[in-house]
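Colleague: In order, the protein sequences belong to chains A and B. In this text, residue positions in the first sequence follow the numbering used here: the first is 28, and each later residue adds one. In this text, residue positions in the second sequence follow the numbering used here: the first is 39, and each later residue adds one.
Rather than coming from a laboratory, the hints here were simulated on the basis of the structure. Hints should not be assumed to be uniformly reliable.
Said to hold, decoys possible - Cβ pair distances, simulated, as ranges: (1) A/Thr329 <-> B/Thr57: 34 to 40 Å; (2) B/Gly358 <-> A/Val319: 56 to 62 Å; (3) B/Val121 <-> A/Arg132: 23 to 29 Å; (4) B/Arg77 <-> A/Glu169: 45 to 51 Å.
As the list claims (entries may be wrong) - Heads up, incomplete: computed chain B residues facing chain A, CB under 8 Å, no partners named: (5) Arg51; (6) Thr59; (7) Glu126; (8) Glu240; (9) Gln354.
As the list claims (entries may be wrong) - As a list, the in silico DSSO-like pairs of lysine-lysine whose alpha-carbon atoms are at most 27 Å apart: (10) A/Lys359 <-> A/Lys324; (11) A/Lys395 <-> A/Lys70; (12) A/Lys359 <-> A/Lys179; (13) A/Lys206 <-> B/Lys320; (14) B/Lys161 <-> A/Lys206; (15) B/Lys320 <-> A/Lys149; (16) A/Lys70 <-> A/Lys149.
As the structure is a prediction and not an experimental result, all values here were calculated from the model. We treat Cβ as the ideally placed atom computed from N, Cα and C, and that holds for glycine.
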Amino acid sequence: MTPRLYPTQEIGSIAKPRWQLQGQRGESLDGPARSEFELWNQKLEFAPSNGTAATFLAGRSREVGAAQVRDWGALFALRYFESAGLDRVYDGEARRIEMYEYAIRQMRGFQFLGHVRPFDNKYYLKAAGTGEVRLDHPYHIEEFDFVKAHAKGEPKLPITGPYTLADWSYNEHYLGRQKGWKGRTARRTAQREFVVEIARQAIRPTLRALIDRGCKVIQIDEPAAGTHPDEADLVAEGFNAATEGLDAEFSMHICFSEYRSLFPALLEAKRCTQWAWEFANRDSADVDGYEVLNMFKEYGDTRQIGLGVLDVHRDEVETPQVVASRIERSAKILGDPARIWVNPDCGLRTRSLAVAYRKLEAMDAGAKIARERHDGSAHR
Amino acid sequence: MNVRTSLTGPFPRSEALVTATRDLDRGRTTPQAVEELFRATEQEVLQLEERLGVDVVTGGYLDWQDLFRPFAETWTGFTVGPVTRWFETNTFYRQPILHAPPERVAGAIARRLPAGLHGSGAKPGKVIFPGPYTFATSLENRSGETTESLVHRLGKLLSEEVQELRGTGFSTFQFQEPALVVRPPTGTKAEATLAAYRALAEGLDGATSLVWTYFGDAAPAFPLLHRLPVSVVGFDLAETDVADLTTWPDHKGVGLGCIDPRTTLVEDPVDVAAIARTLWEKGRPSSIWLGPGGPLDLLPWEPAKRKLHLLPAARQALTGAHGGAA
């Protein structure tokens, strides 16, 4: 089915509801969590208000069980996106802790070594690749099955890409095979091996299994792509190795990067049909955040664009008019409105559920305005 | 061959500190409890440094949220801005926003130094500051001042800090300058950097001074680095190939960043010694300082501790002398 003009999609995780976090831990819901559950359930009807939900609200989370709470979390996110009007949805990554540790824990050949500090008092657990990368079982399968069974539209599954998993790990095994001093050449050679092995041994079998279960649209997240622009060719090589011989729509999500520094190397990601990038964050009264789209014209690249129109780092809710203007400016630069999918810059997990929802509603309304204006001008 | 060893930047937080600071943010512990743990862990780092026989100790600068935060929080003219990527790493700093020409506040930075450095430890302590060029080019400058003028001004302000700390007994100062090799200054910016370091030299008044570069190849920047009036120029051996060096100024020491904080693999001391000897053949540096190539807090606590053992091992491989317990 041909999608409508300016179709909308989510791009990743949303904040986990307070009731989900407390419920998964088997705690009785506190007042704010109970109110939050009741408010959203009234709106989205993700849990029948009698039976188990009543037990949950009565403070007996343990009786309900973590699995049921997680299912509600996934269903909540699905309905959240759907009711905001989005065409392509997922479960807000309701079952995942975060995008690195979960994936690495599914693989062999890694050892977690401790926490590192990205900034302030924030930390993440970091692993070293200490052996050949292998996968015991494909992952995200049950999660996808649940979404597929409950989503009203076509789901789009997000998965962390091979380059990011390699970049966020220490490379002991492949670098250790390099002889002598580990200078730039040795590190690059080893990094290439690491990326490609993660792609071939872990990501590709997972994607194949997901596609076998009916997954047709897959977003490969590569937030680390912008960290080392001189390795953009490795990002593309990893993408190609992960998707080789597979039949699905693949997009690549990158954000908060100097995109020009990644081109033209990134263009070699041949099976990528959509670039889903952040733009709104860099758009202001003084700076045109969408000007960088000219780059696609310069390189003759005609793939779809997942157009970030919501700044996920600000509580201020974009107006539908601002969203429409961003879409129209982009359509003009690209010269083909049919290439545009409309989405937030990145996952909205940094915003409260209430703010994120209003942003998504504004996105839907903005796309509608742009769509109607396009249709109006087409009929004149 | 005068070989010295030292940490060259922040040390990672222990797993206990990770838990405590997370708990603090979630309201599960008290600031006093976390403060006490910071001080105790600092002592642990100092003891590790002494055990490994390093020549000047640091205490790890564990509670500095980033290289600029103590300055952005205590000097006038600044506010603390958004989370910003720290060069090509998966770490970030809060970008200082400069609204007006900055002024220092006497004693404020001294109070932010690791408490153990002020004590009467067996080893002298090293003060680690941002270099004026990296500082000026990493902040958002809304003050109206040109970058050149700001680099020079920051050099003068840092010089005043150095003077104050000289008065309390510190005699080794290191300036972190990744930007000098990642986005090397040219023309008027290069001259401003020189002027900033000349201003710093006045405050240093004969103290040992190190400029430490990392995250980039230092070779293209050597002509400028060699002109800086500092005792030692350090660079990251993971990024810079000493084969690209043709000479080294006689009067200047060289800092070899021989521990790569981007990998948990422990470097081979024999390799480090071979690199140092290659450099020795190209010039006669007044001293050779061995240290991490960049901030060790890119590693978790245990791997960082493991990797530090390279320092005495590399010194031994180079000179045959034991520098401490390996």
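Colleague: Taken at face value, is the distance from the CA of A/Lys206 to the CA of B/Lys161 at most 27 Å?
Modeller: violated (37 Å)
Colleague: Would the stated hint for B/Thr59 survive a check requiring a Cβ distance to chain A of less than 8 Å?
Modeller: holds (4 Å)
Colleague: Is A/Lys206 within 27 Å of B/Lys320, Cα to Cα?
Modeller: holds (24 Å)
Colleague: Can you let me know if the beta-carbon spacing of A/Thr329 and B/Thr57 is within 34 to 40 Å?
Modeller: violated (51 Å)
Colleague: Mind checking the hinted window 45 to 51 Å against the Cβ distance between B/Arg77 and A/Glu169?
Modeller: holds (47 Å)
Colleague: For the pair supplied as a hint, A/Lys395 and A/Lys70, is the alpha-carbon distance within the 27 Å limit?
Modeller: holds (22 Å)
Colleague: Are the Cα atoms of B/Lys320 and A/Lys149 separated by 27 Å or less?
Modeller: Since the Cα atoms of B/Lys320 and A/Lys149 sit roughly 44 Å apart, the hinted pair is violated (cutoff 27 Å).
Colleague: For the hint on B/Glu240, does the least C-beta distance to chain A fall short of 8 Å?
Modeller: violated (34 Å)
Colleague: Would the hint on B/Arg51 be counted as holding, given a Cβ-Cβ threshold of 8 Å to chain A?
Modeller: Check passed: Cβ of B/Arg51 comes within 6 Å of chain A, closer than 8 Å.
Colleague: Hinted pair, alpha-carbon criterion (27 Å max): A/Lys70, A/Lys149. Please report holds or violated.
Modeller: violated (34 Å)
Colleague: Holds or violated: is there a CB of chain A closer than 8 Å to the CB of B/Gln354?
Modeller: With a minimum Cβ separation of about 18 Å from chain A (threshold 8 Å), the hint on B/Gln354 is violated.
Colleague: Quick check on B/Glu126 please, does its C-beta sit within 8 Å of some C-beta on chain A?
Modeller: holds (5 Å)
Of the numbered hints given earlier, the model fails hints 1, 8, 9, 12, 14, 15, 16; all others are met.
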